[in-house]
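Student: Chain residues, written in single-letter form:
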Amino acid sequence: MQNLIDFIVKYKHWFVFFLMEGFCLALLFRFNNYQGSVFFTTANSFVGGIYSAVDGVTSYVGLNSVNLQLEKENELLREEVHEMKRELAAHRIDTLQFEGFNRSRYRFVSAQIVNATTNHSMNLLTLNKGSQDGIRPEMGVVSSSGVVGIVFLTSDHYSIVMPLINMKSKVSCQLKDHQSFGTMEWEFGSCQYGYMTGVPLHVKASVDEVVETNGHSDIFPSGIPIGKVVSMGQSDDGLSQKLKVLLAVDYTSVHNVSVITNYHHAEKRTLEFVADSLMNLE
Amino acid sequence: MKRETYIRLGRMVLLLAVQLLVLNHLHLFGYATPLIIGYMIICCETAVSRMSLLWWGFGIGMLYDIFSNTMGMAAASCVLLAMVKPSILKLFMPRDMVDSFKPTIQNMGLTRYCWYSVSCMGLLHFTFYFLEAFSLEDLLLTIGAMIGGTIIATVISVCVEYIVRNRIEEREVGK
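In order, the protein sequences belong to chains G and Y.
Residue 158 in the working numbering sits at position 158 of the first sequence; the count goes up by one each step and never skips.
So the working numbering is basically just the index in the second sequence, starting at one, shifted up by 1000.
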């Protein structure tokens, strides 16, 4: 404290000087219109520049929360779109149908991919949501571009997804224009292309035709894009066509996904299992 | 109050009167007005502390501003000159001077005194005209006013120094 007082006493003329200059400049800007306007214009533009720089930084820092908010919104919108599509389809068939029986089975849970492999034959993705978030094995995973894969294993907080680019992955699909069914498979190689097999020979598929889910498996609702046909060929046994498909999802950059929860799926599987067992008994 | 203070007060009133009544109406080349009020600070000896120099500078500057409607300009310039003056004087005064040193032509010689006066007046006029223009537009005009004002103010201060101080000393010698 003594040092501070000594310092102030020693350099008091500097303090007085700055005070006087400050007072003089305040008078200058207050009582001289031209100088005042120049000073306040410059000060305003300077402060404005600082504010815009600060705003840029804070908005960049806040992008993460904005992303999460957008994801939530996307989730709701996807549910809404699905609901709308279902409503539309229902109205086309029967406008007097009772809607109580028709409630959508699908709900969406947004998640982020926290780990992924794309250069193995058995590629897997890890999501940051698990069974505590309502995710169960054999639920579909989609991104804004299209189908990503199917949930393979879950723990409390994480889940493993078997993407389309896994040699064991098989997803039921259809050609959008021809409504012809097939199975989406993948062969070890490029993670951009998959193969649609089991397409009957008489179907004349065209290049750029969209391949989408057909809704038979209950894992995915119908109409979610998988990719586009790039070229046509025959399967090894020559009995069906094998179409090369450019996948809609870029696995090297996909980050935000939604898991399609369908809790009726297990019930359906159990029922089918029981039916199979009964048939075998007979 | 000390005698010195009365002398300085008288000097201040006289300088202000000359400045406001005569020199403010002199516009050399149409725009260069000399500021003789700087002489108030220039003529102070080294014994005067920086603090009192600042107050004298602030006082004469504010009075000039009030009477010539240039609020803050002359006061800011005079305070800056008062702060820097001891350092400028150190450049021109003989090195072996320890006691109070009066910056006069007799003590410093005409050339040194002229350089000292030009430096101080230059700083005063530079600050004053820069604050008055407050932009870099018409820079040549501003520089012209600075140089013109500095030269006239220096010439006046040297003349005053030469005539008045000489007479005072002659009187003292006569006594």
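Think of the hints as simulated: they come from the structure by calculation, not from any bench.
The reader is advised that the hints may include incorrect statements.
Stated by the list, open to error - Listed next, with one range per pair, are the computed distances between beta-carbon atoms: (1) G:ASN64 x Y:GLU1137: 45 to 51 Å; (2) G:PHE7 x Y:ARG1167: 44 to 50 Å; (3) Y:VAL1160 x G:ASN33: 34 to 40 Å; (4) G:PHE15 x Y:CYS1159: 46 to 52 Å; (5) Y:LYS1002 x G:SER45: 17 to 23 Å; (6) Y:PHE1067 x G:ASN44: 28 to 34 Å; (7) G:ASN33 x Y:VAL1018: 26 to 32 Å; (8) G:SER65 x Y:LEU1139: 33 to 39 Å; (9) G:SER45 x Y:ARG1165: 50 to 56 Å; (10) G:VAL38 x Y:VAL1155: 44 to 50 Å; (11) Y:ASN1024 x G:SER45: 43 to 49 Å; (12) Y:VAL1013 x G:VAL38: 32 to 38 Å.
As the list claims (entries may be wrong) - Chain G is faced by these chain Y residues, among others (derived, beta-carbon under 10 Å): (13) ALA1075; (14) LEU1080; (15) TRP1115.
Cβ atoms here follow ideal geometry from the backbone N, Cα and C, with glycine treated the same way.
Student: Now, for every hint given, state plainly whether the structure supports it.
Tutor: Now for the hints, and whether the structure bears them out:
A hinted range of 45 to 51 Å for the beta carbons of G:ASN64 and Y:GLU1137 is consistent with their spacing of about 48 Å. Checked against the hint of 44 to 50 Å, the C-beta distance between G:PHE7 and Y:ARG1167 comes to roughly 46 Å, which is consistent with it. For Y:VAL1160 and G:ASN33, the Cβ-Cβ distance of about 36 Å falls inside the hinted range of 34 to 40 Å, so the restraint holds. Checked against the hint of 46 to 52 Å, the C-beta distance between G:PHE15 and Y:CYS1159 comes to roughly 37 Å, which is inconsistent with it.
Distance hint for Y:LYS1002 and G:SER45: a CB-CB separation of about 51 Å, inconsistent with the stated range 17 to 23 Å. The hint said 28 to 34 Å for the Cβ distance between Y:PHE1067 and G:ASN44, and at roughly 33 Å that hint holds. Here the CB-CB span from G:ASN33 to Y:VAL1018 is close to 29 Å, well matched to the stated 26 to 32 Å. In this structure, G:SER65 and Y:LEU1139 break the distance hint of 33 to 39 Å, their C-beta atoms being roughly 51 Å apart.
Judged by the Cβ atoms, the range 50 to 56 Å given for G:SER45 and Y:ARG1165 holds: they are separated by roughly 52 Å. With their beta carbons about 33 Å apart, G:VAL38 and Y:VAL1155 fall outside the hinted range of 44 to 50 Å. Distance hint for Y:ASN1024 and G:SER45: a CB-CB separation of about 35 Å, inconsistent with the stated range 43 to 49 Å. Between Y:VAL1013 and G:VAL38 the C-beta distance comes to about 34 Å, which sits within the given range of 32 to 38 Å.
At about 4 Å, the closest approach between the beta carbon of Y:ALA1075 and any beta carbon in chain G falls short of 10 Å, and the interface hint on this residue holds. At about 7 Å, the closest approach between the beta carbon of Y:LEU1080 and any beta carbon in chain G falls short of 10 Å, and the interface hint on this residue holds. A least Cβ separation of about 24 Å between Y:TRP1115 and chain G goes past the 10 Å threshold, and the interface hint is therefore violated.
In the structure shown, a violation is registered for the earlier hints numbered 4, 5, 8, 10, 11 and 15, in ascending order.
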